[in-house]
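Asker: Take a look at the letters that make up each chain.
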Amino acid sequence: MTIEQIFLFTLEMIGTVAFAISGIRMSAAKHFDWFGAYTVGLVTAIGGGTLRDLMLDCPVFWMSNFWYLGVTGLSLVAVIALKKYLLRLSTTIFIFDTIGLAMFVVIGVQKTLLFGHPMWLAILMGTITGALGGILRDILINDVPLIFRKDVYATACIAGGLVYWLMMIAGFNEIVQGSACAVTVIAVRLLAVHYGWSIPMLRNFPDDNDGGQ
Amino acid sequence: MTIEQIFLFTLEMIGTVAFAISGIRMSAAKHFDWFGAYTVGLVTAIGGGTLRDLMLDCPVFWMSNFWYLGVTGLSLVAVIALKKYLLRLSTTIFIFDTIGLAMFVVIGVQKTLLFGHPMWLAILMGTITGALGGILRDILINDVPLIFRKDVYATACIAGGLVYWLMMIAGFNEIVQGSACAVTVIAVRLLAVHYGWSIPMLRNFPDDNDGGQ
Amino acid sequence: MTIEQIFLFTLEMIGTVAFAISGIRMSAAKHFDWFGAYTVGLVTAIGGGTLRDLMLDCPVFWMSNFWYLGVTGLSLVAVIALKKYLLRLSTTIFIFDTIGLAMFVVIGVQKTLLFGHPMWLAILMGTITGALGGILRDILINDVPLIFRKDVYATACIAGGLVYWLMMIAGFNEIVQGSACAVTVIAVRLLAVHYGWSIPMLRNFPDDNDGGQ
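Protein chains in written order, with the working numbering: chain A, 66 to 278; chain B, 66 to 278; chain C, 66 to 278.
These aren't lab readings, by the way, just hints derived from the structure by calculation.
Be aware that one or more of the hints could be misleading.
[Claimed, not checked] Here are the simulated DMTMM-like cross-link-like pairs (lysine to aspartate or glutamate), alpha carbons at most 20 Å apart as the crow flies:
(1) Lys176/A - Glu69/A
(2) Lys176/C - Asp122/C
(3) Lys176/B - Asp122/B
(4) Lys148/A - Glu69/A
(5) Lys176/B - Asp122/A
(6) Lys176/C - Asp122/B
(7) Lys176/A - Asp122/C
(8) Lys176/B - Glu69/B
(9) Lys215/C - Asp122/C
[To be verified] A few chain A residues that don't get close to chain B, going by computed Cβ distances all over 12 Å:
(10) Ile71
(11) Gly138
(12) Tyr150
(13) Leu231
(14) His259
[As the list claims (entries may be wrong)] Label-pair distances were calculated between CB atoms; the ranges are:
(15) Leu73/B - Ile240/A: 52 to 60 Å
(16) Trp132/A - Leu255/B: 49 to 57 Å
(17) Val258/A - Gly135/B: 42 to 50 Å
(18) Ala235/B - Leu227/C: 52 to 60 Å
Even for Gly, the Cβ is constructed at its ideal location relative to N, Cα and C.
All chains should be modelled from the sequences, with the hints used to inform the complete structure.
Answerer: If you want it as structure tokens, here you go:
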């Protein structure tokens, strides 16, 4: 591995840990046991990339590398052992989560382009890589996906993908494309949380009681 | 594209729009934002075909054609802009939804046969193509799948698949097979809604409080 | 088929029936109709192996053999026709369910190794084969997955996988490996139910109301 690859892999592991901790914390709120918490943490961390790889018809990324399962296990141990301390680190975890999100989007975009797919699909796959894990987490804990009601999590992914596209059109190389994409994801998310940005809500249909159909 | 292909693709897009609108409307009842509504609409429209293609191990149909994502976006715009008007179109949407269901079943059956699989699998894949989207929609909005309790949605799919089989045994060509299948799906669904047909319910086990294990 | 293959296939069908009945019974508690119960039963029985095969990128096991769908149908008929009688067979069903679990784990482990994957992945795939069906069942009926809160279902799978590994390291042949794995799964589950073993629960974070994030 080159220094650059080690750097990127470290960022990805930071994201994996942050995503796993998000799943483990929400499992704790649902009184899951350690196994349940580990499973939810793992699905949060690798669920998006797994569906992406199945749809791209390429080997599922975490199957050739024990690290993803390993750091999820370490995340669980950390949450169990350092709970009180972790509470004071909420901001740090949020930063890690945002860095992870950015990494996941860049990875999803680049992998899709690598297989010769068009840019619109790459943006979608980047968004799936970043945002699906949290949706699956909420399904597993039997909540309505948080992301459908607030937060501009997915919007940040899409914005990052669009900036990737712009940089590509502008003729920049892959490193600039990826970096600009990552910075955009991080910036949009931080700004959104800071200023309370949100996407407009869909108002209910007056004659729907429970959604109809 | 031949005239016939354009006709079939148009029917498929009509179905996609109808399925997407069903997902978007139910998202509105759950107070989702636009992103959540778009996601639920998209999954409702393409979810069944996606699992089918993953299991058939062939390229996922919507990945090579932006139209599916595009018309889902147009459906969202339509629901936001024309809400009051759409309410008066409930019957039209129901008809579109039924046409779409029929198209999805025919596509699922034919694609499975194309890959050399037996007829029972083709019927199952046709049913998955038509009915899974609505199940995934209900999982995403955290409801019990509607289709498990009422409606003969899936039964219409299975009936269509069986008629496809009959026409095949009787020696008719693919156009007759597909048309007879589609007409059957539409007829069974319309008749079922009109006469209030339903499938018998499974009565509870007396000693199960919450289902046991 | 050799006698041995018939024996193993019979065990697998016993497991399929037991898993399907578990899904059908929980559907009854949710007032599903026959179609809903069949679907939930089927997903409980084949869901784990389906995701395993998609991730291993090999043909999905039940697509080349009607028996899985067939015995699920027979399970539904049995539940409808023999409900009162089945209630008295709870222990028998539990035994069948445990035998099925053991079979599913062994199949998952061996299939993964067959494709040249490392042992840690085989253990994970064995666990997914055995335990995912029940998780999908609980998602379909809109409950929090039972397995995340109690039962050492998944732990039994993992223990079985580890014993498989030990037998492999110790140089035993595949029959011994598989048998020792199956016996371990069965023993751990029976002992866990008998002695009320459980995995420690994750305590809630004091500042999380509904999980935060």
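Asker: Are the hints correct? Go through all of them and say.
Answerer: Comparing the hints with the structure gives:
no., hint, in the structure
1, Lys176/A - Glu69/A, "holds (17 Å)"
2, Lys176/C - Asp122/C, "holds (11 Å)"
3, Lys176/B - Asp122/B, "holds (11 Å)"
4, Lys148/A - Glu69/A, "violated (33 Å)"
5, Lys176/B - Asp122/A, "holds (18 Å)"
6, Lys176/C - Asp122/B, "holds (18 Å)"
7, Lys176/A - Asp122/C, "holds (18 Å)"
8, Lys176/B - Glu69/B, "holds (17 Å)"
9, Lys215/C - Asp122/C, "violated (32 Å)"
10, Ile71, "holds (32 Å)"
11, Gly138, "holds (27 Å)"
12, Tyr150, "holds (33 Å)"
13, Leu231, "holds (19 Å)"
14, His259, "holds (19 Å)"
15, Leu73/B - Ile240/A: 52 to 60 Å, "violated (45 Å)"
16, Trp132/A - Leu255/B: 49 to 57 Å, "holds (55 Å)"
17, Val258/A - Gly135/B: 42 to 50 Å, "violated (31 Å)"
18, Ala235/B - Leu227/C: 52 to 60 Å, "holds (56 Å)"
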